[in-house]
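Chemist: Heads up: the protein sequence lines correspond to chains A and B, in order. At position 94 of the first sequence (counting the first as 1) the number is 1363 in this note's numbering, and the numbers step up by one without a gap. At position 25 of the second sequence (counting the first as 1) the number is 966 in this note's numbering, and the numbers step up by one without a gap.
To be clear, the hints were calculated from the coordinates, so they are not data collected in a lab. Don't take each hint at face value.
[To be verified] Here are the simulated distance ranges between beta carbons:
id, chain 1, residue 1, chain 2, residue 2, range
1, B, R979, A, R1511, 31 to 37 Å
2, B, A1222, A, V1497, 52 to 58 Å
3, B, R979, A, K1445, 28 to 34 Å
4, B, F1226, A, E1555, 46 to 52 Å
5, B, A1222, A, D1399, 27 to 33 Å
6, A, D1481, B, R985, 20 to 26 Å
[What the hints assert, rightly or not] With a cut-off of at most 30 Å between alpha-carbon atoms, the simulated DSBU-like pairs for lysine-lysine come out as follows:
id, chain 1, residue 1, chain 2, residue 2
7, B, K997, A, K1462
8, B, K1069, A, K1501
9, B, K1069, B, K999
Only a predicted model underlies this, so the values are computations on that prediction, with no experimental measurement involved. Beta carbons: idealized from backbone N, C-alpha and C, even for Gly.
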Amino acid sequence: MEPVPTPGTATNAGAAANAGAAASAEAAASAEAAASAEAAGPLAPANGSAIEVRGLGIRYSLRLTRKNTLRNSLAQFVRREGAAGHFWALRDVSFSVRHGESLAVIGPNGAGKSTLLQVLAGIINPTEGDISIRGRLSSLLTLGAGFDQELSGRDNILLAGAFLGIDDDEIQRRMKDIIAFADIGQFIDAAIKTYSSGMRARLGFAIATSVDPDILLLDEVLATGDQVFRAKSKERVLELARGAKAIVLVTHDMHWVTEFCNRAMLIEHGHVIAEGEPADIVRMHEERSEQARRAVPSLAL
Amino acid sequence: MGPVLPFAAMQRPLAEFPVARSTATRPGPIGLLGSAARDVWTRRRLIRYLVRADLKKKGNDTLFGNVWWILDPLLQMSVYVVLVSIIFQRSQPDYGLFIFAAILPWKWFSSAIGDAISSVSGQDRLIKQVQFPKIVLPVAAILAGIAQFAFGMIPLAALLVILYPDRISPTLALIPVVAFVQLIFMLALGVFVSALNVFFRDVGNVSRHVLRLWFYLSPGLYGADVINGVAQSHRYLAALIKINPFYPILNGYRSVIYEGTAPDWQGLGVVLLVSVGLLVASVWFFKRVEPTFAKVL
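Take the sequences, apply the hints, and build the full model.
Modeler: Right, here's the structure in full:
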């Protein structure tokens, strides 16, 4: 990703219009952004978003996603099955998130929510459209993804920090806090393979939230761990949010959406269906899921 | 509680936030190579940690740990000494040292390439969760192999001092030069196969057999004269032998370790030049397919 000059052409009003199905909340938010941007001084760009997504589309080639062997590809080549199979995991997605906002992304399974987070995190490149991210980004997509089973907790903190691109000084400085927050006691010098899944999740969460990100991406991670840790992690996320960081949260837990986010977006089949007040969007999602349930003939009992 | 409202972030002018952007457009070949070089340089600490993690793991999971790096080539040498000099009766003077000079670099090559093949596909979970330059994975796998080769100097020194003191010569100091040429070739091949294995998981299976045949077509168990003799009677093999980078490389090791003469500089120079070219090509290939890794794995 190349750093580029701040886009100066798009105005807030334009961004709001771009957001497609944006509700009135979006317009209000834009007005607020404009006000804050002015308050921040003349240097601040008019477009004050932490995340700006325009016309995003992600296409998956089914040919590639299948676990490939030479035999399969030879067979495909012989049968001339070339580029036939692909599908759009996301299409025509536009939205923006300002610093200080927390956006919940909800929708049925397979709607493209997790793909959206992967794109925001820079893991997948957009097939079309573009994204600009302003600020330091940290993703908590799955906890402990980078852990090496054979290494100790301490070594894994260093390794995970290096994977996440955190400075060495910083990770050394935060080591104590991470260990304290993860609450794994003397196990920190034992190999990760001896950890329980809860301990692993706690350590992963502690590392990912230790970086003071400007933008935090969360994917259903808050459901892991026991009651105590869940309360603690919620506290930590709220703390990050109070530091006025932008948050994008993917979850199936509607409590989190209404309680914790100030905006919500409903995605179905890779398209944005609606965006606006969390309570409205949650209600809409529930109604639509109910309809979908009724539309499917129930199994004869 | 109510929605979280923006305050503190606005105290920092937005212009201060770094802007990152991803679009559907892709950089050209020069841009790809440049960004690969930047990736490796800026993430050198990650490479260091990966190498260290690899060494720790290899040392931890067996009783003798890293002692195996010393014993392994010695045991393999013993096997070949029994096979070739006793069963086939095709011995050379000081045959132990003769083949040890080839076994050591070859073991380095085959195990590091094996590690490189699975270096990217083995990190599938991480690649889907965290954005980082994937090229550090094969580079770390190849670099970690250096330690194994370095440990091999211990049994080599022991062999020379105890069994073959007459063979000790100043040309031993040229081992790192030959090793450097080999390292560049290994980097080129390692980066390429690590990316290929993401798309074709058969690479691992095929490689075992290819590596074995490769070793037999190289001057490892026997001298270059045997290889040249084979080349004269089989035209197709002759072509393979001619382009085999391990022909000059293994000959080079044998010159400096066993014969006490300078290596074939011209041959090594050609291998080095070609390897640099291959490295550029394979890094380009890797960067080209890198964006699809997260989707394919």
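Chemist: Are the hints correct? Go through all of them and say.
Modeler: Quick rundown of the hints versus the structure:
no. : hint                            : in the structure
1   : B:R979 <-> A:R1511: 31 to 37 Å  : 36 Å, holds
2   : B:A1222 <-> A:V1497: 52 to 58 Å : 54 Å, holds
3   : B:R979 <-> A:K1445: 28 to 34 Å  : 32 Å, holds
4   : B:F1226 <-> A:E1555: 46 to 52 Å : 49 Å, holds
5   : B:A1222 <-> A:D1399: 27 to 33 Å : 30 Å, holds
6   : A:D1481 <-> B:R985: 20 to 26 Å  : 24 Å, holds
7   : B:K997 <-> A:K1462              : 15 Å, holds
8   : B:K1069 <-> A:K1501             : 27 Å, holds
9   : B:K1069 <-> B:K999              : 26 Å, holds
Hint compliance for this structure: every hint is met.
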